[in-house]
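J.: With the hints as constraints, model all of the structure from the sequences given.
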Amino acid sequence: MIEFSDVGLRYGNGPEILTDLSFSIEPGSFHFLTGPSGSGKTSLLRLLLLSLKPSRGKVTMFGEDVGELTQDHLLQLRRHIGIVFQEFRLLDHLTTFENVALPLRVLGQPESEYRPNVTELLEWVGLGERMHALPTVLSGGEKQRAAIARAVIARPKVLLADEPTGNVDPELSSRLVHLFAELNRTLGMTIILATHELPLLDRFPYPRMVLNKGELSIHD
Amino acid sequence: MTKSLLARLPQWLPHWLPLPRHGGAAPIVPEKSVAGRTLLLLVTIMSFLSAVTLGGVVLVQKSAIAWSADVGRELTIQIRPVEGEVMESNLRTAVSLAQATPGVSGAHALTIEESQRLLEPWLGAGLDLSAIAIPRLVVVQLADPVDADIATLERNLGAINGASLDTHAAWRQQLNTMAGTVVLSGLLVLGLIGVATVLAIVFATRGAMASNREIVDVLHFIGASNKFIAGEFQGRFLSIGLQGGLLGAVLGTLFFTLIGAAAGSVLPSEATAQVGVLFGQFVLGLDGMIFVALIVPAMAVLTAVTSRVTVRRYLSEAS
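Chains as they are written, first to last, in numbering that gives the first Met the number 0: chain Z, 0 to 219; chain C, 0 to 318.
Keep in mind the hints are simulated off the structure, nothing from the lab. Treat the hints loosely; a few may be bogus.
[To be verified] Derived DSSO-like pairs (lysine-lysine); straight-line CA-CA distance at most 30 Å:
hint: 1; chain 1: Z; residue 1: LYS52; chain 2: C; residue 2: LYS226
hint: 2; chain 1: Z; residue 1: LYS212; chain 2: Z; residue 2: LYS156
hint: 3; chain 1: Z; residue 1: LYS57; chain 2: C; residue 2: LYS226
hint: 4; chain 1: Z; residue 1: LYS57; chain 2: Z; residue 2: LYS156
hint: 5; chain 1: C; residue 1: LYS226; chain 2: Z; residue 2: LYS156
T.: Structural data, given as structure tokens:
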């Protein structure tokens with residue numbers, strides 16, 4: 000599904016942030032991406048999100064060589080990828096329901112079509128009672144669950160999460176990772192979850208992609 | 000029925016028009032995040048200026064056509080006093096020759112009193128011209144300026160010593176040149192108003208994009224195309240353009256109504272008559288109203304298209 004081959008990334012004429020990354024991710028797998036701050040986790044996630052192109056090497060996603068694709072084609076591929084951010088990035092002027100429905104609006108679905116699905120998903124993540132609330136009145140955990148619901152509502156094949164537990168307490172962190180695990184198990188979504196909370200990783204049996212100074216090692 | 004019609008609208012509308020979307024869903028670009036009031040005021044002012052300029056151009060154009068038509072339907076025969084010639088006899092001959100010319104509907108010689116009134120602005124009132132030999136005029140009305148045989152009349156008048164024919168061609172030429180200059184200047188002003196409006200919308204759009212950067216990023220991350228994002232911003236600007244255009248056009252129409260009423264009541268009747276000769280009666284008429292009304296869609300389209308192009312360019316630069 001995802002294959003990196005000797006991938007390097009640098010911004011402008013600066014030093015390489017990511018060096019010689021070679022790995023493959025199988026469909027339906029769950030990986031933690033970890034490493035110290037500044038090790039390049041967010042840059043690797045941006046490569047996976049197709050918002051950056053590698054400076055060298057080859058990235059293949061869903062069988063397509065990313066370097067060869069046009070902007071329109073990249074956009075089509077990006078619709079198979081969901082993303083969750085540490086800082087939630089919900090739109091404050093839209094309700095929880097409208098935030099979660101946003102990817103379907105972008106795809107041109109009418110509200111009558113997506114309303115039952117969005118409502119069902121919000122209830123599944125425990126936000127059924129909060130669907131008409133604005134993000135400003137939600138707690139950190141609720142915001143992150145809304146952000147996860149937004150990321151998965153369009154049924155992406157791959158779900159990326161950039162420090163999704165960074166703004167919640169340890170207990171809620173664990174529950175959020177359980178939610179990701181449930182999505183992986185029930186929907187078969189491929190998940191790459193970036194975090195630097197090592198105690199959290201020990202509680203789950205998933206392989207770890209460890210980045211250190213731009214170099215990657217994978218530990219099963 | 001209405002619902003199914005609305006659902007089919009997207010197939011009929013040009014792709015750059017914002018489409019009706021998602022029932023009552025909140026706009027993705029919040030209304031308050033676009034500098035709406037300032038831009039609305041600016042578009043209203045620009046629309047008002049466009050309406051006044053366009054209305055002025057229409058008035059001058061219509062008056063010039065009316066002047067030209069009036070002057071073109073009249074010729075003047077001038078008979079200078081010549082030693083040994085009898086003026087009254089020459090006047091009668093000139094009137095007869097004119098009346099016998101094809102395309103002429105009537106001809107009459109101005110009396111001494113009428114000639115005196117024509118000279119009053121230069122020589123003053125109460126002057127007795129009977130003792131002075133002054134040129135006399137015969138006014139010739141044409142039934143059809145195109146078919147009138149003016150060449151024959153001019154040739155026949157050669158038989159009268161001291162007679163000459165004035166077709167007012169030079170005046171008409173000057174009138175047309177002046178009206179053309181005013182119309183051209185008006186169109187130039189309209190063009191400049193358009194450019195100023197476009198620049199203002201470009202700045203407002205870029206400002207709105209910068210202040211909504213977070214929304215744009217989120218839309219990109221969830222797979223929105225630049226076309227979709229541009230459409231969301233364009234919807235806001237189209238609405239502002241429509242409102243501003245409508246307000247400006249209404250104010251412009253009010254302006255002409257008020258000026259027309261003021262010209263009739265404030266100015267003395269002679270001045271009103273002269274202003275009337277120059278600009279008609281400050282009445283835009285149906286064609287003028289149509290031109291002014293066209294400012295509304297023109298301003299809306301200008302605003303929407305400019306914002307769309309600016310957003311697309313901004314997004315291309317950003318990516």
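J.: All the hints need checking, so say for each whether the structure fits it.
T.: Here's how the hints hold up against the structure:
A distance of roughly 22 Å separates the Cα atoms of LYS52 (chain Z) and LYS226 (chain C); the hinted pair therefore holds under the 30 Å criterion. With a C-alpha separation of about 29 Å, the suggested pair LYS212 (chain Z) and LYS156 (chain Z) falls inside the 30 Å cut-off, and the hint holds. A hinted pair counts as satisfied when its Cα atoms are at most 30 Å apart, and LYS57 (chain Z) with LYS226 (chain C) qualifies at roughly 29 Å. For the proposed pair LYS57 (chain Z) and LYS156 (chain Z), the alpha carbon gap of about 20 Å is at most 30 Å, so the pair holds.
The hinted pair formed by LYS226 (chain C) and LYS156 (chain Z) meets the criterion: a straight-line CA distance of about 24 Å does not exceed 30 Å.
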